[in-house]
Amino acid sequence: MDEFASRQYPVQEHMHFQRRMWLVERVGWAALTAIALLALTGLFGTGWLSKATADGKDLSIRYERFQRATKLAEFSFRFAAGEGERSLHLNTAFQQNYEIASIQPQPSRSQAGEDGLTLTFATSPAGGMVSLWAHPRSYGISEIEARSGSAPPLAFSIIVYP
Amino acid sequence: MDSVLKAVIVFFVLWAIIRISGRRTLGEMTAFDFVLFLIIGGSTQRAITGQDYSLTNALILVATFVALDIALSVIELKYPFMRRVLNATPTILVDNGHLLVHRMRRARVTEENILEAARRLQGLERMDQIKFAILEASGDISIVPAARQGTAEAVPVRPS
Numbered sequence: 001m002d003e004f005a006s007r008q009y010p011v012q013e014h015m016h017f018q019r020r021m022w023l024v025e026r027v028g029w030a031a032l033t034a035i036a037l038l039a040l041t042g043l044f045g046t047g048w049l050s051k052a053t054a055d056g057k058d059l060s061i062r063y064e065r066f067q068r069a070t071k072l073a074e075f076s077f078r079f080a081a082g083e084g085e086r087s088l089h090l091n092t093a094f095q096q097n098y099e100i101a102s103i104q105p106q107p108s109r110s111q112a113g114e115d116g117l118t119l120t121f122a123t124s125p126a127g128g129m130v131s132l133w134a135h136p137r138s139y140g141i142s143e144i145e146a147r148s149g150s151a152p153p154l155a156f157s158i159i160v161y162p
Numbered sequence: 001m002d003s004v005l006k007a008v009i010v011f012f013v014l015w016a017i018i019r020i021s022g023r024r025t026l027g028e029m030t031a032f033d034f035v036l037f038l039i040i041g042g043s044t045q046r047a048i049t050g051q052d053y054s055l056t057n058a059l060i061l062v063a064t065f066v067a068l069d070i071a072l073s074v075i076e077l078k079y080p081f082m083r084r085v086l087n088a089t090p091t092i093l094v095d096n097g098h099l100l101v102h103r104m105r106r107a108r109v110t111e112e113n114i115l116e117a118a119r120r121l122q123g124l125e126r127m128d129q130i131k132f133a134i135l136e137a138s139g140d141i142s143i144v145p146a147a148r149q150g151t152a153e154a155v156p157v158r159p160s
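From first to last, the protein sequence lines are chains S and X. Just so we're aligned, residue 1 is where the first sequence starts under our numbering, counting upward by one. Just so we're aligned, residue 1 is where the second sequence starts under our numbering, counting upward by one.
Do not rely on the hints blindly, as some may be mistaken.
Said to hold, decoys possible - Cross-link-like lysine-lysine pairs, in silico, DSBU-like; alpha carbons within 35 Å at most: (1) S:Lys51 with S:Lys71; (2) S:Lys71 with X:Lys6; (3) X:Lys131 with X:Lys78; (4) X:Lys6 with X:Lys78; (5) S:Lys51 with X:Lys6; (6) S:Lys71 with S:Lys57.
The hints are simulated quantities; they were obtained by calculation from the structure and are not laboratory data. Since the model is a prediction, treat every value here as computed from it, not as a measurement.
Please put together the full structure from these sequences, using the hints given.
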């Protein structure tokens with residue numbers, strides 16, 4: 001008798017179904033392993049796949065390409081060398097999708113405008129770095145634009161997982 | 001609205017993960033399995049509740065989970081096929097002392113597991129004393145002993 005044939009006694013078997021379930025189980029194990037391995041690479045945030053930069057003449061930004069809703073994410077803005085105060089402008093998408101937890105150093109002024117948020121920092125002539133930590137409010141894709149002064153904005157998109 | 005959706009997603013994802021982890025982890029739970037289940041609970045709990053610690057949210061979540069559980073049991077009752085999908089089906093692993101090794105390998109059950117169940121449930125010592133060993137849908141192994149001389153259950157029932 002074929003070992004995988006269904007027997008009726010002492011219990012009714014459904015071996016065809018059972019073999020399919022065993023196959024589904026194995027596919028499922030592979031999927032679970034894949035999730036763990038992909039998470040290690042940073043596909044779901046925090047890892048080398050997630051690290052991203054946007055570079056402009058006056059401003060360069062380091063951020064996480066993949067973020068998770070409510071999980072604190074860091075943005076760091078580096079201003080190029082130059083005299084006087086620097087302003088950092090972030091568009092409305094940023095304002096709407098993020099809850100800012102902390103900014104280092106504290107901006108000397110912050111101003112809400114029609115097209116977003118403007119933060120003003122006192123920096124040394126050699127330039128400087130500003131770190132901003134914020135919680136994404138909800139999942140989706142955020143199209144962020146950031147600029148320093150009147151320079152053309154740096155645009156980047158962030159995928160926020162639920 | 002959000003809470004209900006989260007509860008539904010977590011319910012089905014957890015169900016699928018537990019289901020594909022195989023029957024061995026469901027029935028014969030070790031101390032470590034127990035710890036694992038606590039960790040799974042802890043990891044998902046915050047994602048479900050989020051920052052909403054209100055009584056309303058707790059009630060919504062409990063209602064959703066229990067309703068889903070009842071819904072599944074009703075579906076199981078109505079459709080035999082769904083019973084198999086949701087709860088697995090029994091599989092015979094030993095037939096008259098003869099090991100069905102290919103089935104055992106797929107189901108991740110070893111000869112030792114079967115002998116252990118035989119000792120524990122029936123006080124049997126050897127494979128040839130086992131008539132049937134069945135991996136039940138619950139994940140437990142049940143043992144039907146081979147006929148023995150001088151015991152009540154060993155008397156074969158003959159139609160008169």
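Starting from X:Lys6, check that the Cα of X:Lys78 is at most 35 Å away, please.
Measuring from Cα to Cα gives roughly 27 Å; hence the hint holds.
Need the status of pair S:Lys51, S:Lys71: alpha-carbon distance at most 35 Å?
16 Å, holds
Is it true that the CA of S:Lys71 sits at most 35 Å from the CA of X:Lys6?
Given pair S:Lys71, X:Lys6 holds - Cα atoms ~17 Å apart, limit 35 Å.
Can you confirm whether the C-alpha distance between S:Lys51 and X:Lys6 stays at or below 35 Å?
Measuring from Cα to Cα gives roughly 28 Å; hence the hint holds.
Does S:Lys57 sit within 35 Å of S:Lys71, going by the straight-line distance between their CA atoms?
Holds - the C-alpha atoms of S:Lys57 and S:Lys71 are around 30 Å apart, at most 35 Å.
Would the hint linking X:Lys131 and X:Lys78 be met if the CA-CA limit is 35 Å?
Cα-Cα ~33 Å, so holds.
The structure fails none of the hints (numbered hints given earlier).
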